[in-house]
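Given the sequences, and given the hints that come with them, work out the whole structure.
Residue numbers (the numbering used here), protein chains in the order written: chain U, 16 to 358; chain S, 16 to 358.
Note that these hints are calculated values from the structure, not bench results. Since the structure is predicted, the reported quantities are computational estimates derived from the model, not experimental observations. Don't take every hint at face value.
A pair counts as met if it fits within one copy or between any two copies, since identical chains are not told apart.
Claimed, not checked - SDA-like mimics (lysine to any residue), calculated; alpha carbons at most 20 Å apart, straight line:
hint, residue 1, residue 2
1, K179, D215
2, K243, G65
3, K179, V191
4, K293, K304
5, K293, F217
6, K243, P268
7, K45, Q67
8, K293, Q218
9, K293, D215
10, K353, S91
11, K163, D319
12, K293, H204
13, K293, E201
14, K45, P55
15, K159, P268
16, K243, L133
17, K45, T270
18, K304, H29
19, K293, A176
Protein chains: 2
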Amino acid sequence: MRVAIVGATGAVGHELMQVLEQSQQRGSLKIDELQLYASPRSAGKTLPFGGQDLTVQVTPEGPIDADIVLASAGGSVSLALAHQWASEGAIVIDNSSAFRYDADVPLVVPEVNGPEALKHKGIIANPNCTTAIAVVAVAPIHRKYGVKRMIVSTYQATSGAGQKGMDELLTETHKVLHGQQASHQEFVHPIPFNVIPHIDAFQDNGYTKEEMKVAWETHKILGDDSIKVSCTAVRIPTLRTHSEAITLELEHPATPDEIRELLGSAPGVEVRDNPGGKLYPMPLTASGKYDVEVGRIRQSLVFDGGIDLFVAGDQLLKGAALNAVQIAEYLQEHGAIKQKAGV
Amino acid sequence: MRVAIVGATGAVGHELMQVLEQSQQRGSLKIDELQLYASPRSAGKTLPFGGQDLTVQVTPEGPIDADIVLASAGGSVSLALAHQWASEGAIVIDNSSAFRYDADVPLVVPEVNGPEALKHKGIIANPNCTTAIAVVAVAPIHRKYGVKRMIVSTYQATSGAGQKGMDELLTETHKVLHGQQASHQEFVHPIPFNVIPHIDAFQDNGYTKEEMKVAWETHKILGDDSIKVSCTAVRIPTLRTHSEAITLELEHPATPDEIRELLGSAPGVEVRDNPGGKLYPMPLTASGKYDVEVGRIRQSLVFDGGIDLFVAGDQLLKGAALNAVQIAEYLQEHGAIKQKAGV
Numbered sequence: 016m017r018v019a020i021v022g023a024t025g026a027v028g029h030e031l032m033q034v035l036e037q038s039q040q041r042g043s044l045k046i047d048e049l050q051l052y053a054s055p056r057s058a059g060k061t062l063p064f065g066g067q068d069l070t071v072q073v074t075p076e077g078p079i080d081a082d083i084v085l086a087s088a089g090g091s092v093s094l095a096l097a098h099q100w101a102s103e104g105a106i107v108i109d110n111s112s113a114f115r116y117d118a119d120v121p122l123v124v125p126e127v128n129g130p131e132a133l134k135h136k137g138i139i140a141n142p143n144c145t146t147a148i149a150v151v152a153v154a155p156i157h158r159k160y161g162v163k164r165m166i167v168s169t170y171q172a173t174s175g176a177g178q179k180g181m182d183e184l185l186t187e188t189h190k191v192l193h194g195q196q197a198s199h200q201e202f203v204h205p206i207p208f209n210v211i212p213h214i215d216a217f218q219d220n221g222y223t224k225e226e227m228k229v230a231w232e233t234h235k236i237l238g239d240d241s242i243k244v245s246c247t248a249v250r251i252p253t254l255r256t257h258s259e260a261i262t263l264e265l266e267h268p269a270t271p272d273e274i275r276e277l278l279g280s281a282p283g284v285e286v287r288d289n290p291g292g293k294l295y296p297m298p299l300t301a302s303g304k305y306d307v308e309v310g311r312i313r314q315s316l317v318f319d320g321g322i323d324l325f326v327a328g329d330q331l332l333k334g335a336a337l338n339a340v341q342i343a344e345y346l347q348e349h350g351a352i353k354q355k356a357g358v
Numbered sequence: 016m017r018v019a020i021v022g023a024t025g026a027v028g029h030e031l032m033q034v035l036e037q038s039q040q041r042g043s044l045k046i047d048e049l050q051l052y053a054s055p056r057s058a059g060k061t062l063p064f065g066g067q068d069l070t071v072q073v074t075p076e077g078p079i080d081a082d083i084v085l086a087s088a089g090g091s092v093s094l095a096l097a098h099q100w101a102s103e104g105a106i107v108i109d110n111s112s113a114f115r116y117d118a119d120v121p122l123v124v125p126e127v128n129g130p131e132a133l134k135h136k137g138i139i140a141n142p143n144c145t146t147a148i149a150v151v152a153v154a155p156i157h158r159k160y161g162v163k164r165m166i167v168s169t170y171q172a173t174s175g176a177g178q179k180g181m182d183e184l185l186t187e188t189h190k191v192l193h194g195q196q197a198s199h200q201e202f203v204h205p206i207p208f209n210v211i212p213h214i215d216a217f218q219d220n221g222y223t224k225e226e227m228k229v230a231w232e233t234h235k236i237l238g239d240d241s242i243k244v245s246c247t248a249v250r251i252p253t254l255r256t257h258s259e260a261i262t263l264e265l266e267h268p269a270t271p272d273e274i275r276e277l278l279g280s281a282p283g284v285e286v287r288d289n290p291g292g293k294l295y296p297m298p299l300t301a302s303g304k305y306d307v308e309v310g311r312i313r314q315s316l317v318f319d320g321g322i323d324l325f326v327a328g329d330q331l332l333k334g335a336a337l338n339a340v341q342i343a344e345y346l347q348e349h350g351a352i353k354q355k356a357g358v
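In structure tokens, the structure reads:
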């Protein structure tokens with residue numbers, strides 16, 4: 016398979032290369048060629064892949080000659096160029112929010128709605144990180160018990176704002192520890208030892224776009240607009256892995272044991288739920304992990320037969336790079352990649 | 016007034032002395048004498064108050080000869096000794112959870128249920144920090160619109176575990192920034208750049224005691240057991256101020272504007288809710304502040320006519336020291352402190 020990464024030098028680009036390498040190593044994807052693209056500023060850099068040093072090129076403003084384009088260079092770049100990249104047959108798996116709500120563009124979490132990927136018209140959207148992590152745990156519950164209401168509060172890591180977000184947390188925390196004032200550039204306010212309930216732009220209804228994405232994208236991925244979803248999205252001073260407290264009202268009552276058993280066999284989920292053993296989802300243990308950790312499973316105190324749970328998922332992986340590569344793997348497994356002549 | 020502080024050398028003790036000094040400066044409480052008590056380990060230390068250096072004495076195992084005892088030395092110390100401290104007429108305002116659920120002991124947030132304080136039998140309980148901060152915002156809403164369901168997710172600072180909690184965050188973060196592994200003692204897991212959904216002991220129902228306290232104490236303070244309350248309590252790497260995402264289902268529908276207006280005149284509340292101006296509650300701005308910041312007020316997406324909001328309150332102040340001193344002020348204002356002869 017011939018793969019291209021657009022945005023290769025960013026935090027997600029870095030993870031994409033690692034996840035691709037791991038996919039190749041376990042015999043899932045066979046990467047015949049990897050093209051790396053980034054902004055002119057980063058062009059010329061070399062990045063190691065499969066024992067070779069690959070040179071980063073400037074993102075093309077035309078078709079990309081590859082089977083799969085993994086795009087993670089931001090919404091405006093994708094909006095302007097993704098259709099051109101795809102114009103000669105490449106399938107673009109786009110990590111931005113540019114196309115997620117287009118009726119023509121499948122929004123895919125392979126464990127949840129993989130078959131949707133096969134309906135693409137050149138572009139497949141990778142969901143918002145918070146949503147991708149939540150639905151891996153919520154989808155099996157919805158299928159079996161019917162989710163009526165879903166209330167989410169997030170604990171989002173600085174790498175949600177890319178490598179620069181992590182760098183800012185580290186640099187500014189260092190300053191604070193040495194008695195200096197923290198400044199800020201990537202975040203709206205200083206992030207060290209702070210909590211910022213503001214991610215992405217505010218909408219007219221008082222919710223941020225990040226919060227609305229969780230509602231919009233949960234509806235689209237689960238294929239059910241009737242679920243009432245709300246979210247409070249909060250940036251906290253962690254490096255990677257988004258955590259989420261989720262309260263679910265269910266159509267059919269469920270017990271915590273039933274949910275534990277259900278999620279125990281759910282793909283992409285690691286049930287980590289042993290309070291006595293001090294086991295529950297945390298960034299410390301979920302970071303770098305493919306599976307989303309799910310724990311603190313307990314009976315809701317506000318909805319009869321409802322369920323509360325806590326999830327932690329590495330948003331650079333399941334929330335971004337891993338999910339994108341899993342979409343590529345899904346397409347390959349289902350014979351949906353017509354590899355070009357000459358490869 | 017003759018005041019004693021038990022636990023004077025802890026984080027809350029430190030705040031108590033500052034808040035008392037400020038109360039005296041603005042002419043509210045007149046402190047004729049301040050006695051400082053702590054464990055034998057800390058006895059003999061001197062702490063400055065009102066221009067004098069006061070010597071810390073060993074916590075007595077008998078009556079304390081004062082009008083008000085502000086106790087913040089942990090539940091087991093209070094449980095063992097508070098009745099003795101109060102046995103000769105001192106009123107004990109206890110910051111621990113030892114007596115909060117006793118029918119005989121009022122649990123008081125002065126802005127919300129001040130008159131309860133007057134019914135004391137020697138001991139008045141100061142609520143759990145998370146609850147105190149939440150009810151300041153929720154009580155006025157409950158009075159006017161009737162809260163049916165209340166779903167809380169917390170972002171709790173390390174100072175909830177006292178000075179040692181803050182010290183551990185700072186020390187261990189410093190280690191991580193210098194490439195070393197973080198260890199832990201005050202918290203169940205390393206706290207730097209981590210999130211720990213485990214505060215206080217797990218109960219049989221899968222909730223932590225911290226989470227249940229929010230339900231139990233909200234019921235007692237609001238005098239209404241019919242409200243359905245749930246909480247997910249999460250420790251995050253901040254120094255002080257607990258933040259909380261709160262979703263409210265209401266008996267009578269309210270609009271965000273109505274709630275903003277209502278809370279704009281509520282005692283103990285600072286409405287900080289201007290997304291365009293990047294104004295919302297944050298530890299960065301709420302720390303050191305008496306009022307609880309309330310913002311992100313918006314119409315619920317899951318409950319018709321319901322309300323979502325975000326609060327941030329300095330839990331060493333409103334969640335502990337300030338509330339305790341405000342109870343003393345309330346008692347004084349209502350002539351409920353019979354100052355002893357000779358003072």
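Outcome of the hint check:
no., hint, in the structure
1, K179 <-> D215, "within (16 Å within a copy, 35 Å between copies)"
2, K243 <-> G65, "neither (45 Å within a copy, 56 Å between copies)"
3, K179 <-> V191, "both (18 Å within a copy, 18 Å between copies)"
4, K293 <-> K304, "within (19 Å within a copy, 34 Å between copies)"
5, K293 <-> F217, "between (37 Å within a copy, 10 Å between copies)"
6, K243 <-> P268, "both (17 Å within a copy, 17 Å between copies)"
7, K45 <-> Q67, "within (16 Å within a copy, 76 Å between copies)"
8, K293 <-> Q218, "between (39 Å within a copy, 13 Å between copies)"
9, K293 <-> D215, "between (34 Å within a copy, 12 Å between copies)"
10, K353 <-> S91, "neither (28 Å within a copy, 70 Å between copies)"
11, K163 <-> D319, "both (12 Å within a copy, 14 Å between copies)"
12, K293 <-> H204, "between (33 Å within a copy, 9 Å between copies)"
13, K293 <-> E201, "between (34 Å within a copy, 14 Å between copies)"
14, K45 <-> P55, "neither (29 Å within a copy, 69 Å between copies)"
15, K159 <-> P268, "within (10 Å within a copy, 32 Å between copies)"
16, K243 <-> L133, "neither (28 Å within a copy, 44 Å between copies)"
17, K45 <-> T270, "neither (43 Å within a copy, 56 Å between copies)"
18, K304 <-> H29, "within (15 Å within a copy, 42 Å between copies)"
19, K293 <-> A176, "between (30 Å within a copy, 18 Å between copies)"
The earlier numbered hints that this structure contradicts are 2, 10, 14, 16, 17.
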